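Asker: Protein chains in written order, with the numbering used here: chain P, 120 to 394; chain E, 293 to 700.
Some hints here could point you the wrong way.
Sample of chain P residues facing chain E (criterion: CB under 7 angstroms; computed from the structure) [as the list claims (entries may be wrong)]:
| hint | residue |
| --- | --- |
| 1 | Met177 |
| 2 | Ser206 |
| 3 | Glu226 |
| 4 | Gly229 |
If you're looking for bench data, these hints aren't it; they were derived computationally from the structure. Predicted, not measured: the structure shown is a model, and the values here were computed from it. Here a beta-carbon is modelled for each residue, glycine too, at the ideal position from N, C-alpha and C.
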Amino acid sequence: MSRIAGRFAALAKAGRKALIPYVTAGDPNPDVTVPLMHAMVAAGADLVELGVPFSDPMADGPVIQAACERALKHRVSLRKVLEMVRSFRAQDQDTPVILMGYLNPVEVMGYAAFAQAAKDAGVDGVLTVDLPPEEAGGLLDELKKVAIDPIFLLSPNTSDERVRKIAAVASGFLYYVSFKGVTGANRLDVGAVATKLNAIRKLTDIPVGVGFGIRDAQSAADVSAVADAVVVGSALVKRIADLAEQPANIDASLSEVLTAMRQAMDAQQRAVANR
Amino acid sequence: MATNPALKPNHWSDFPDANGHFGPYGGRFVAETLMEPIEELRVAYERLRNDPEFIAELDRDLAQYVGRPSPLYHAERWSAKLGGAQIYLKREDLNHTGAHKINNTMGQGLLARHMGKTRVIGETGAGQHGVATATVAARLGMECVVYMGAEDIKRQAINVYRMRLLGATVISVESGSKTLKDALNEAMRDWVTNIDNTFYIIGTVAGPHPYPAMVRDFQAIIGREARTQSLDQAGRLPDALIACVGGGSNAIGLFHPFLDDEGVAMYGVEGGGDGIASGHHAAPLSAGKPGVLHGNRTYLMEDADGQIIETHSISAGLDYPGVGPEHAWLKDTGRAQYVAITDTEALDAFHSLTRVEGIIPALESSHALAYAMKLAPTLDQDKIVIVNLSGRGDKDIHTVAAHEGITV
Numbered sequence: 120m121s122r123i124a125g126r127f128a129a130l131a132k133a134g135r136k137a138l139i140p141y142v143t144a145g146d147p148n149p150d151v152t153v154p155l156m157h158a159m160v161a162a163g164a165d166l167v168e169l170g171v172p173f174s175d176p177m178a179d180g181p182v183i184q185a186a187c188e189r190a191l192k193h194r195v196s197l198r199k200v201l202e203m204v205r206s207f208r209a210q211d212q213d214t215p216v217i218l219m220g221y222l223n224p225v226e227v228m229g230y231a232a233f234a235q236a237a238k239d240a241g242v243d244g245v246l247t248v249d250l251p252p253e254e255a256g257g258l259l260d261e262l263k264k265v266a267i268d269p270i271f272l273l274s275p276n277t278s279d280e281r282v283r284k285i286a287a288v289a290s291g292f293l294y295y296v297s298f299k300g301v302t303g304a305n306r307l308d309v310g311a312v313a314t315k316l317n318a319i320r321k322l323t324d325i326p327v328g329v330g331f332g333i334r335d336a337q338s339a340a341d342v343s344a345v346a347d348a349v350v351v352g353s354a355l356v357k358r359i360a361d362l363a364e365q366p367a368n369i370d371a372s373l374s375e376v377l378t379a380m381r382q383a384m385d386a387q388q389r390a391v392a393n394r
Numbered sequence: 293m294a295t296n297p298a299l300k301p302n303h304w305s306d307f308p309d310a311n312g313h314f315g316p317y318g319g320r321f322v323a324e325t326l327m328e329p330i331e332e333l334r335v336a337y338e339r340l341r342n343d344p345e346f347i348a349e350l351d352r353d354l355a356q357y358v359g360r361p362s363p364l365y366h367a368e369r370w371s372a373k374l375g376g377a378q379i380y381l382k383r384e385d386l387n388h389t390g391a392h393k394i395n396n397t398m399g400q401g402l403l404a405r406h407m408g409k410t411r412v413i414g415e416t417g418a419g420q421h422g423v424a425t426a427t428v429a430a431r432l433g434m435e436c437v438v439y440m441g442a443e444d445i446k447r448q449a450i451n452v453y454r455m456r457l458l459g460a461t462v463i464s465v466e467s468g469s470k471t472l473k474d475a476l477n478e479a480m481r482d483w484v485t486n487i488d489n490t491f492y493i494i495g496t497v498a499g500p501h502p503y504p505a506m507v508r509d510f511q512a513i514i515g516r517e518a519r520t521q522s523l524d525q526a527g528r529l530p531d532a533l534i535a536c537v538g539g540g541s542n543a544i545g546l547f548h549p550f551l552d553d554e555g556v557a558m559y560g561v562e563g564g565g566d567g568i569a570s571g572h573h574a575a576p577l578s579a580g581k582p583g584v585l586h587g588n589r590t591y592l593m594e595d596a597d598g599q600i601i602e603t604h605s606i607s608a609g610l611d612y613p614g615v616g617p618e619h620a621w622l623k624d625t626g627r628a629q630y631v632a633i634t635d636t637e638a639l640d641a642f643h644s645l646t647r648v649e650g651i652i653p654a655l656e657s658s659h660a661l662a663y664a665m666k667l668a669p670t671l672d673q674d675k676i677v678i679v680n681l682s683g684r685g686d687k688d689i690h691t692v693a694a695h696e697g698i699t700v
């Protein structure tokens, strides 16, 4: 069982939902990232999603675009991100790490070289935003060889037929994008998410995480009522942006948000269990 | 001619394949939320492209609104001055709005209306595609939003005002390098957010399938007319075609109908900026590598980490780090040759054509003209070269003047 599947199985057994924070690697500088990953785990993160900076993050809103720009000022390449994961793994062998990014840096490294380097560094899952399954054959083959989970997006307009097609090649978990738009927008509709997740669950047994639009403890708890995992990105990255000049305060600030989300999510699950 | 005969396909018009691939290039590299709208677009386009009523409607607008067919003009004095092949200019500069861009925006605008969309968006660098989009939106009574890099807005104030006069909202893009590629990113973000009522009119033969094929088909009227006109006026097909390549829509429009004519050589001319060796250019086919950007696999200007790098060309319309995937394929198969022309060479050609033929060309088109100045003297006087004069140069006179230290 992969580290991601193992983590979801353990959470299900414990009656808890996964909290998955996203930060852009190297934002606001490369020294911040690894300690921040550990701090987020200590604050209640079950998996960590690390953004690979890209010059043209088409699917992201202004908050994560700006994070990419801050990281790229330090030339944080895919190889540097893998070094960060390796460094994180030296102290934490349990928490799954997912890379989220765009295809071109992977293309430049080469699929086979990337898959092997990611495996060696301790990466568990790879989400390539601009790589739908139709184009993913070559990378999927290489990830499979090294047993890294390919994570794919689902969205409100993904048909049942496509959900089946995507679930057939995905593993670890599926990432449901809660609305049509870019990261960081404020358009979350938990009722609509619940309806679509019910439909998705009829088509696949893979755990489903929900991201986009989760900004505080309340929205995290609301989404955790219907999803297997809650992904929170822009709300954290915005705090990093605000503290870019005081990086020493970033760990505490993000831990505060995640702790509140963790508590609200766990309280929500206890309420369900006691009902 | 093929540099790699194994790559040579039998029927050029079979490309792209059903998934939008031109050999290894093209495809659909977009986030999941865009897969449904690009499929909806593909289906609508497949239906309408063969619908006689749609074709008649587009043909009528191209004739009566755009002013087609555009002339094929034998530039006799310029040919004599260059002392070699006979040069014919395909006068896309005489279209309404002054460039080839409207062939595509007219087609996509009508398609948008047939699909029930009420809002169109576009990206623009120099502003030509933005003006052509705003024009068609006004003509069709649709809301129009144009994304333009903050740097380009500063450089192209007149086109910004033209778009606003036409009723479009011009949004300044402050992210990344604040130029065309960032405007394209921002337009994609708008589209993914407003899919239900919005049609994204991409201005060139790039983006996810079906855009490269669809924009090519709308621009291929250039080559179809030129082919007929060459047969009518010169009694035979040309020996060579030359067109500038930014994203590559005017070039593919001219080339495509000639691809199966084996005797017709094709030259795509990229923005060489300060010269390829300087690294300060916009010539991905001449000096870039294959990669994935803006929904398709193609040649890109990128660094060793796969980050897209900033480009430079005196011509804003060529200042783009990617290129249409069909050009990448034509390059690899050897069917077309791609060369680069520097800013200085383009300016020389700009002045030369203006003084000898009384035609002020766009700086983009001046790159194609500059290559004609190199090629024509190497060919006999009975050879025929068609240059796509893709746009008029009025928009560029401030740039040219500034380059010469003159304030207009």
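Asker: Next step is simple, just say for each hint if it's right about the structure.
Answerer: To see whether the hints hold, each was checked on the structure:
1. Met177: The hint holds - methionine 177 of chain P has a Cβ within 7 angstroms of chain E, the shortest such distance being about 5 angstroms.
2. Ser206: Given a least distance of 19 angstroms, the restraint on serine 206 of chain P is violated.
3. Glu226: holds (5 angstroms)
4. Gly229: violated (11 angstroms)
Checked against the numbered hints listed earlier, the structure breaks hints 2 and 4; every other hint is satisfied.
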